[in-house]
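Undergrad: When you get a sec, could you build the whole thing from the sequences and use the hints?
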Amino acid sequence: MRALSDKFPLLSTSRLHLIEIEHAHQPDLFYLLTDKRVTRYYHVMPLQEVADVRKVIDLLKQRFQSKQGIRWGIALDNTTELIGFIGFNSFEPEDSAMLVFALVQEYWGKGYMTEAIEAVAAYGFSSLELASIRADVLPGNEASEKVLVKTGFHHEGLIPQGMKWEGKEYDVNRYVRASQQL
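Residues 1 to 182, numbered by the UniProt record's numbering, are exactly what the sequence shown covers, in order.
Just so you know, these hints were derived from the structure itself, not from any lab.
We put the CB at the ideal spot given by N, CA and C, even for glycine.
With a straight-line Cα cutoff of 20 Å, these simulated EDC-like cross-link-like pairs (lysine to aspartate or glutamate) come out:
hint, residue 1, residue 2
1, 110, 81
2, 67, 20
3, 146, 156
4, 55, 35
5, 36, 49
Pairwise CB distance ranges (calculated):
hint, residue 1, residue 2, range
6, 24, 44, 16 to 22 Å
7, 139, 65, 32 to 38 Å
8, 1, 143, 27 to 33 Å
9, 118, 78, 17 to 23 Å
10, 51, 2, 32 to 38 Å
11, 58, 158, 30 to 36 Å
12, 51, 146, 31 to 37 Å
13, 51, 156, 37 to 43 Å
14, 39, 12, 25 to 31 Å
15, 12, 152, 15 to 21 Å
TA: Okay, here's the thing in structure tokens:
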């Protein structure tokens with residue numbers, strides 16, 4: 001696996017720009033991360049007000065600078081407002097990365113996440129030389145499972161207690177896409 005570059009990589013699709021998340025995006029992320037429809041299957045830090053998102057953005061920036069992970073904001077072409085995010089939460093042994101993503105509910109079912117996953121997978125396989133990309137999905141999150149299968153991921157199996165959050169363990173469905181599938 002090749003390490004992340006020092007300069008944040010910008011990606012694009014025919015309808016989207018994947019950009020660095022900045023402090024100016026706090027209201028966008030607050031809206032996304034406090035929507036119970038979005039966070040039903042996605043664990044987040046408790047957020048009480050827009051200013052609380054600053055800690056989340058600082059953490060994402062620190063993870064990129066230390067080359068532990070990368071998270072792009074998803075913006076529609078010709079806008080800077082975020083409609084979601086996507087990225088590699090962590091890099092794992094054996095040249096693998098853990099994919100995470102979330103999208104504002106108003107944009108579900110329009111193919112945006114499919115485009116974003118394809119762009120991030122292409123970057124991961126070509127620029128970072130990843131051997132595989134994994135995604136862990138909480139059981140019941142059929143929409144995320146569907147978009148993963150649509151973008152070439154296969155269900156590897158149920159991982160009992162595969163995720164820990166705030167001292168609690170959760171079972172997850174693991175999906176994997178190998179670099180040969182690009």
